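Colleague: Make a model of the complete structure from these sequences and hints.
Sequence lines, in order, name chains A and B. Quick note, the first sequence lines up with residues 0 to 262 if you use numbering that gives the first Met the number 0. Quick note, the second sequence lines up with residues 0 to 157 if you use numbering that gives the first Met the number 0.
It is possible that part of the hints are untrue.
[Said to hold, decoys possible] To be clear about the criterion: a stretch of chain B counts as covered by chain A if any three or more of its residues have a C-beta under 8 Å from a C-beta of chain A, and this derived list gives those stretches:
(1) 10–17
(2) 43–54
[Unchecked claim] Below, simulated SDA-like cross-link-like pairs (lysine to any residue); rule was C-alpha separation at most 20 Å, straight line:
(3) B:57 / A:36
(4) A:159 / B:43
(5) B:123 / A:70
(6) B:129 / A:39
[What the hints assert, rightly or not] Here are some, though not all, of the chain A residues that point toward chain B, as calculated from beta-carbon distances under 8 Å:
(7) 9
(8) 25
(9) 29
(10) 31
(11) 32
(12) 36
(13) 75
(14) 79
(15) 157
(16) 158
(17) 160
(18) 161
FYI, nobody ran anything at the bench for these hints, they're computed from the structure. All of these numbers come straight from a predicted model, not from anything done at the bench. All C-beta atoms, glycine included, are put in the ideal place defined by N, C-alpha and C.
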Amino acid sequence: MIAGGQSLIPLLKLRLASPSLLVDINRVPGLDRIEESGEFLRVGALTRMADVESSSLIRKRYAIIHDASEVIGDPLVRNLGTLGGNLSHGDPNNDMPAVMLALGAEFVATGPGGGRTIRAEEFFTDTFAVALNHDEILTEIRVPRRLPGTGGSYLKLEQKTADFAIAGAAVHVRLGSGGVCNEVGIGLTAVGPTAVKARSAEASMRGKISTDKTAIQGMSHLAAGECSPATDIRGTSTYKKQVVSLLVGRAFKTACERARGES
Amino acid sequence: MAGRVSISVKVNGSRREADVEPRLLLVHFLREDLGLTGTHVGCDTSHCSACAVLMDGKLVKSCTVLAVQADGRDILTVEGLAKGGELHPVQEAFLAKHGLQCGYCTPGMLMSAYALLRENRHPKEEEIRKGISGNICRCTGYAKIIESVEQAARSKNW
Numbered sequence: 000m001i002a003g004g005q006s007l008i009p010l011l012k013l014r015l016a017s018p019s020l021l022v023d024i025n026r027v028p029g030l031d032r033i034e035e036s037g038e039f040l041r042v043g044a045l046t047r048m049a050d051v052e053s054s055s056l057i058r059k060r061y062a063i064i065h066d067a068s069e070v071i072g073d074p075l076v077r078n079l080g081t082l083g084g085n086l087s088h089g090d091p092n093n094d095m096p097a098v099m100l101a102l103g104a105e106f107v108a109t110g111p112g113g114g115r116t117i118r119a120e121e122f123f124t125d126t127f128a129v130a131l132n133h134d135e136i137l138t139e140i141r142v143p144r145r146l147p148g149t150g151g152s153y154l155k156l157e158q159k160t161a162d163f164a165i166a167g168a169a170v171h172v173r174l175g176s177g178g179v180c181n182e183v184g185i186g187l188t189a190v191g192p193t194a195v196k197a198r199s200a201e202a203s204m205r206g207k208i209s210t211d212k213t214a215i216q217g218m219s220h221l222a223a224g225e226c227s228p229a230t231d232i233r234g235t236s237t238y239k240k241q242v243v244s245l246l247v248g249r250a251f252k253t254a255c256e257r258a259r260g261e262s
Numbered sequence: 000m001a002g003r004v005s006i007s008v009k010v011n012g013s014r015r016e017a018d019v020e021p022r023l024l025l026v027h028f029l030r031e032d033l034g035l036t037g038t039h040v041g042c043d044t045s046h047c048s049a050c051a052v053l054m055d056g057k058l059v060k061s062c063t064v065l066a067v068q069a070d071g072r073d074i075l076t077v078e079g080l081a082k083g084g085e086l087h088p089v090q091e092a093f094l095a096k097h098g099l100q101c102g103y104c105t106p107g108m109l110m111s112a113y114a115l116l117r118e119n120r121h122p123k124e125e126e127i128r129k130g131i132s133g134n135i136c137r138c139t140g141y142a143k144i145i146e147s148v149e150q151a152a153r154s155k156n157w
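Modeller: Laid out in C-alpha cells, this is it:
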C-alpha cells in the first residue's frame with residue numbers, strides 16, 4: 000500500500016523493502032477531509048501533512064496536532080506525506096503516534112467487511128507493526144472534540160531538519176476548577192519499539208494542581224522511566240531519558256497555558 | 000519484472016508520453032527518458048531535495064515519487080523557469096547575489112524558492128529559512144541563498 004510514499008519510497012530505494020505489488024491509494028476520493036462533527040475532530044487518512052499544517056481549525060483548536068505537523072520531515076515531505084501514513088507505518092520515530100496517544104484518539108480501519116474503530120493505545124503493536132489486518136486500511140483519524148479547559152503541546156528535539164528525533168513528547172491536559180488536572184495524556188516519540196504512552200506519569204499528575212512544581216517534576220521523572228531509548232548516534236539512553244523528562248515538563252507547561260487560554 | 004505502464008505527463012507545458020517500469024522514479028524519468036538533466040540527484044536517501052520539482056503546483060522530491068504516480072499530473076522542472084531565453088527573476092536573483100558555489104543543489108533551491116514565493120511574495124527571513132529547510136547545500140552556509148530569495152522577492156519582473 001502506498002499513500003504519500005515519503006517513508007516507503009526511501010525504503011524501496013535502499014532495498015529495505017521489496018514488495019512484489021504496490022497499491023497506490025493516492026487518488027481514492029473523500030479521504031482528505033478535516034472537520035469537526037459529532038464528538039470528534041475527523042481527519043481523513045489521506046490528508047497531506049501540509050494541509051494539516053495549514054488548517055486554521057487545527058491550528059486554533061488542536062494546537063498539539065499543529066505543533067507536530069510543523070516538525071515532520073521537511074516541507075517537501077509534508078506536501079505528500081499523509082496523516083494516515085505517519086500513523087500506520089508504525090515507525091516509533093514518527094511524530095503523530097505520540098500525539099494521538101496523548102489525545103486519546105481512535106482510528107477507523109476499513110476492510111471488505113466494513114469499518115471498525117481501534118483506539119490509539121491499542122494500535123501501535125510493535126516497530127513497523129500496527130493493529131490493521133492485511134485486508135484493512137486506515138481511513139479516518141478521530142480525535143475527541145476539544146472541550147473547554149483542554150490544551151496540548153508537542154515538542155521534539157532533533158539534530159537537523161528531517162532527521163529522526165532524539166526524543167519527542169506530546170502532552171494533553173484537561174484542567175478543572177482551581178487548576179486541577181482532570182485528565183493528562185502523554186505520548187513519547189523515538190524512545191522505544193513503538194510510540195510510548197506514559198501511563199504512570201499521566202496517573203501521577205491526575206488530580207494535582209497544574210502549577211504544582213513537585214508534581215510536575217515527579218511526572219517528568221516517571222515519563223523518563225517509562226521509555227527505553229536506544230543508545231545510538233543521537234545520544235545515549237541516559238541522555239535521551241533526560242531529554243524526555245525535560246520535554247515532558249515543557250510540553251506540560253505549554254499545554255496548561257493553552258488550556259487556560261493564555262497562548 | 001513487471002510490465003511497462005503507459006503514462007502521460009505534462010512537463011514544462013509539453014505533453015510527454017512514455018511506457019515506463021512501475022519502479023522508475025520520477026527523477027529518472029525526467030533525466031534519462033526526457034533528457035531534462037537540470038533536475039539533480041544529490042543523495043540516495045530522500046534527504047537533499049536537489050531533485051525538487053513542482054507537481055500540480057506542489058513542491059516535491061522527484062526522487063520520492065514514482066513516475067507512474069505522475070501520470071496525468073503537471074510537472075515543472077528547473078528548465079521550465081526561464082521563458083523565451085530570459086531567466087526567471089528567481090534565477091536572476093541567485094546570479095546577482097551569488098546564491099551558489101558548486102551549483103549542485105541549485106536546481107532544487109530555485110524550485111523551493113519559486114514555490115515559496117508563489118505562495119508568499121513577501122516572506123520574512125524566518126519564512127525563507129523554513130521554506131528551504133528541506134534543501135541541503137554544502138557550500139554556501141545558506142546566507143547567500145537567503146539573500147538571493149530576498150532579492151527575488153523584491154523583483155518586480157514576475
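Colleague: Would you pick out the hints that fail for this structure and give their numbers low to high?
Modeller: Numbers 1, 3, 6, 9, 10, 11, 12, 15 and 16 - these are the hints that the structure violates, sorted from lowest upward.
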